[in-house]
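For the protein sequence lines, the chains are A and B, in the order given.
For the first sequence, our numbering assigns the number 1 to the initial residue and increments by one for each residue that follows.
For the second sequence, our numbering assigns the number 378 to the initial residue and increments by one for each residue that follows.
Please note: incorrect hints may appear among the correct ones.
To be verified - Result set (PhoX-like, lysine-lysine): computed pairs, CA atoms no more than 25 Å apart in a straight line:
# : chain 1 : residue 1 : chain 2 : residue 2
1 : A       : K311      : B       : K530
2 : B       : K397      : A       : K313
3 : A       : K230      : B       : K689
Claimed, not checked - Far from chain A, by Cβ distances over 10 Å, these chain B residues were calculated:
# : residue
4 : E440
5 : E467
6 : Y586
7 : D597
8 : G604
Since the hints were derived computationally from the structure, they do not count as laboratory data.
Remember, predicted model here, so these are calculated numbers, not experimental data.
We put the beta carbon where it would ideally sit given N, CA and C, even for glycine.
Number of protein chains: 2
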Amino acid sequence: MLMIPGPTPVPENVLLALAKHPIGHRSGEFSQIMADVTANLKWLHQTQNDVLMLTVSGTGAMEAGMINFFSPGDRVLVVHNGKFGERWAEVAQAFALDVVEVTAPWGQPIDPTTVQAALDADPDKAIKGVIVTHSETSTGVINDLETISKHVKAHGALIIVDAVTSLGAVNVPIDEWGLDVVCSGSQKGFMIPPGLGFVTVSPKAWEAYKVAKLPRFYMDLGPYSKGAAKNTTPFTPPVNLIFALQAALKMMKAEGLEQIFARHHRHMLATRAAVTAMGLPLYAPEGHGSPAITAVAPTTVDAEQVRSVMKKKFDIVLAGGQDSLKGKIFRIGHLGFVCDRDILTAIAALEATLSELGHTGGTPGAGVAAAAKILTA
Amino acid sequence: MLMIPGPTPVPENVLLALAKHPIGHRSGEFSQIMADVTANLKWLHQTQNDVLMLTVSGTGAMEAGMINFFSPGDRVLVVHNGKFGERWAEVAQAFALDVVEVTAPWGQPIDPTTVQAALDADPDKAIKGVIVTHSETSTGVINDLETISKHVKAHGALIIVDAVTSLGAVNVPIDEWGLDVVCSGSQKGFMIPPGLGFVTVSPKAWEAYKVAKLPRFYMDLGPYSKGAAKNTTPFTPPVNLIFALQAALKMMKAEGLEQIFARHHRHMLATRAAVTAMGLPLYAPEGHGSPAITAVAPTTVDAEQVRSVMKKKFDIVLAGGQDSLKGKIFRIGHLGFVCDRDILTAIAALEATLSELGHTGGTPGAGVAAAAKILTA
Numbered sequence: 001m002l003m004i005p006g007p008t009p010v011p012e013n014v015l016l017a018l019a020k021h022p023i024g025h026r027s028g029e030f031s032q033i034m035a036d037v038t039a040n041l042k043w044l045h046q047t048q049n050d051v052l053m054l055t056v057s058g059t060g061a062m063e064a065g066m067i068n069f070f071s072p073g074d075r076v077l078v079v080h081n082g083k084f085g086e087r088w089a090e091v092a093q094a095f096a097l098d099v100v101e102v103t104a105p106w107g108q109p110i111d112p113t114t115v116q117a118a119l120d121a122d123p124d125k126a127i128k129g130v131i132v133t134h135s136e137t138s139t140g141v142i143n144d145l146e147t148i149s150k151h152v153k154a155h156g157a158l159i160i161v162d163a164v165t166s167l168g169a170v171n172v173p174i175d176e177w178g179l180d181v182v183c184s185g186s187q188k189g190f191m192i193p194p195g196l197g198f199v200t201v202s203p204k205a206w207e208a209y210k211v212a213k214l215p216r217f218y219m220d221l222g223p224y225s226k227g228a229a230k231n232t233t234p235f236t237p238p239v240n241l242i243f244a245l246q247a248a249l250k251m252m253k254a255e256g257l258e259q260i261f262a263r264h265h266r267h268m269l270a271t272r273a274a275v276t277a278m279g280l281p282l283y284a285p286e287g288h289g290s291p292a293i294t295a296v297a298p299t300t301v302d303a304e305q306v307r308s309v310m311k312k313k314f315d316i317v318l319a320g321g322q323d324s325l326k327g328k329i330f331r332i333g334h335l336g337f338v339c340d341r342d343i344l345t346a347i348a349a350l351e352a353t354l355s356e357l358g359h360t361g362g363t364p365g366a367g368v369a370a371a372a373k374i375l376t377a
Numbered sequence: 378m379l380m381i382p383g384p385t386p387v388p389e390n391v392l393l394a395l396a397k398h399p400i401g402h403r404s405g406e407f408s409q410i411m412a413d414v415t416a417n418l419k420w421l422h423q424t425q426n427d428v429l430m431l432t433v434s435g436t437g438a439m440e441a442g443m444i445n446f447f448s449p450g451d452r453v454l455v456v457h458n459g460k461f462g463e464r465w466a467e468v469a470q471a472f473a474l475d476v477v478e479v480t481a482p483w484g485q486p487i488d489p490t491t492v493q494a495a496l497d498a499d500p501d502k503a504i505k506g507v508i509v510t511h512s513e514t515s516t517g518v519i520n521d522l523e524t525i526s527k528h529v530k531a532h533g534a535l536i537i538v539d540a541v542t543s544l545g546a547v548n549v550p551i552d553e554w555g556l557d558v559v560c561s562g563s564q565k566g567f568m569i570p571p572g573l574g575f576v577t578v579s580p581k582a583w584e585a586y587k588v589a590k591l592p593r594f595y596m597d598l599g600p601y602s603k604g605a606a607k608n609t610t611p612f613t614p615p616v617n618l619i620f621a622l623q624a625a626l627k628m629m630k631a632e633g634l635e636q637i638f639a640r641h642h643r644h645m646l647a648t649r650a651a652v653t654a655m656g657l658p659l660y661a662p663e664g665h666g667s668p669a670i671t672a673v674a675p676t677t678v679d680a681e682q683v684r685s686v687m688k689k690k691f692d693i694v695l696a697g698g699q700d701s702l703k704g705k706i707f708r709i710g711h712l713g714f715v716c717d718r719d720i721l722t723a724i725a726a727l728e729a730t731l732s733e734l735g736h737t738g739g740t741p742g743a744g745v746a747a748a749a750k751i752l753t754a
């Protein structure tokens, strides 16, 4: 049982779609699937912009989302407060962009006024793009993308968003918020295995694309856009993952966007309430928790021991901390194909694990009770 | 029934492995799979060099195989005689390499002495790399890689090989021939669906890597190599495709390299003999046909009509011609999970199709008879 921020659980009918025999990717049959998938991706992304699919991981999608719109030496503002945000600064530097940074400590949300201040200090509009991580997977913190995007729109730079663990879990209305480029990956809210990356591109970003000089070929989004307009792809697509995506998007449409977002929100609240009731400290402050993942920073027990007992005794996989947080936190994924029962299961197992490890901070059963209260409200 | 050069047919147990629920890619269980897969990839590639897996299509693998070893302005010799070879010149140009070319007309093999002449004309060793397509998928021609590689080794440049439709179909002894970088994709000889690319890197190529300055991040092979040494990956891998790869490699080991190569050779001979017996012109000259694919250039019937009847009446998918060959050839894939029965089936259906289309060049039954003679020899 996977309770990590990706790969996330995959529904049985999606697995069965994955196991279908591949078909030719230049066939009419495959074009029909592409047409269906593209329409549903636009629905999920709440956008009329291009939604392009690449055979890459989430990092590849973000790289494509960055290198298509800039030239060497262009200044970009990277807003970061965790491992993944830091990675986008590394990518930008690898491609010889001039990186300026606005940061918050790991575990804390970005204060949108710090982004505003950095943009206000750039009256000459040297900053061509702002790169923001929406849900920071490494810490379980969600940033206030709506407010940040308003500041970026006021400035005029492109806004490029890592929505890898927010797309399909929390509201990201791309057109309403005017997000130019939004990147995500298949093994998250999409409920399918890893291997596909998604990038949306606004008309304004396509204007920047025309003059952008960073080298690109496999990740050149132009041919993907031309292909998508004809329901095809420039290079051989991962046909079976696209079968799976078609099945997953159909399930998502049946559930409805509002219901999907409400479910993730409810699971975040239930998990946070349970963790608190168990006497464990939450890593992300109140009001800034990600609906995708909850990070816990235990002091009375060892985070890695919690993960180890959860895996050995209950066959539940939690994520650990990354980089400087290694051994200091554990993370409970509640992203994608997760139901109320899964949350209760994970909390119940966590209580049993804490008890085994000698944690004394909470009344046994208090975690499940707190989660149940929210799930049944 | 897929008789195209990719996606190729996928065995049932590989499809079932694909449909397994994903596991965490940072788990010990996944590391064990990585260790098993890496060892078997080295066996299949006949090499002690690194064999790295990336979440990309074949084109992405080739791009990674090129951009990691050069700096802007470096001269590379691109040897091409078809659509895919031409693409590598485009990739090199997109990354500001100084491209010189040795070519042969589409449908003809590269004459190795022309490569030798180009390298002899470079006594100052300005050419840093030679990029060669082994099996040119667009025309069904195989190039004499062994002889070309000898000329490149004598010169001292890196030799970078597109083995997308040769790896796993024909002998490519990487260490014996001293091939520095060899690229391929999963949906070909590997018998699994598209979505994984493979790149082998020799110690000499790693030396070039250290001073190479082309920008790279997602496709930077360094972290993939470091990851592989610890049985992990720098970015989330396509877990399910790796399950499938593990199953496919196990089947390949059970069959044996020599048997696999002999099977592909036999299928090429049978297909070519049948096509000739049916009175249809082969596109690749005798002795230069690819064991992966046979291109046919019909004059009495329309190539696209052949494909259409084959699909509608017999549910067999053949490939068409690409670019300037569109409508002029059709291509019969016999790559990967193909058995003698499949060849007989395709030939029998092709004879029926030709008869329906009014082709009069061959005696009915002569194609199947010619193929059967080779298959039962």
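Cross-check of the supplied hints:
With a C-alpha separation of about 52 Å, the suggested pairing of K311 of chain A with K530 of chain B is violated against the 25 Å cut-off. Under the criterion of a C-alpha separation no larger than 25 Å, the hint pairing K397 of chain B with K313 of chain A is consistent with the structure, at around 22 Å. Pair hint K230 of chain A plus K689 of chain B holds up; C-alpha atoms about 23 Å apart against a cutoff of 25 Å. Under the 10 Å C-beta cut-off, the non-interface status given to E440 of chain B relative to chain A is violated; the minimum distance is some 5 Å.
For E467 of chain B, the condition that its CB be more than 10 Å from all CB atoms of chain A is violated, with the nearest at approximately 7 Å. Every CB of chain A is more than 10 Å from the CB of Y586 of chain B (nearest about 14 Å), matching its label as outside the interface. Listed as a non-interface residue, D597 of chain B fails to keep its Cβ farther than 10 Å from every Cβ of chain A; the least gap is roughly 8 Å. With a least beta-carbon separation of about 12 Å from chain A, G604 of chain B lies farther than 10 Å from that chain, consistent with its non-interface assignment.
This entry does not satisfy hints 1, 4, 5, 7, going by the numbered hints stated previously.
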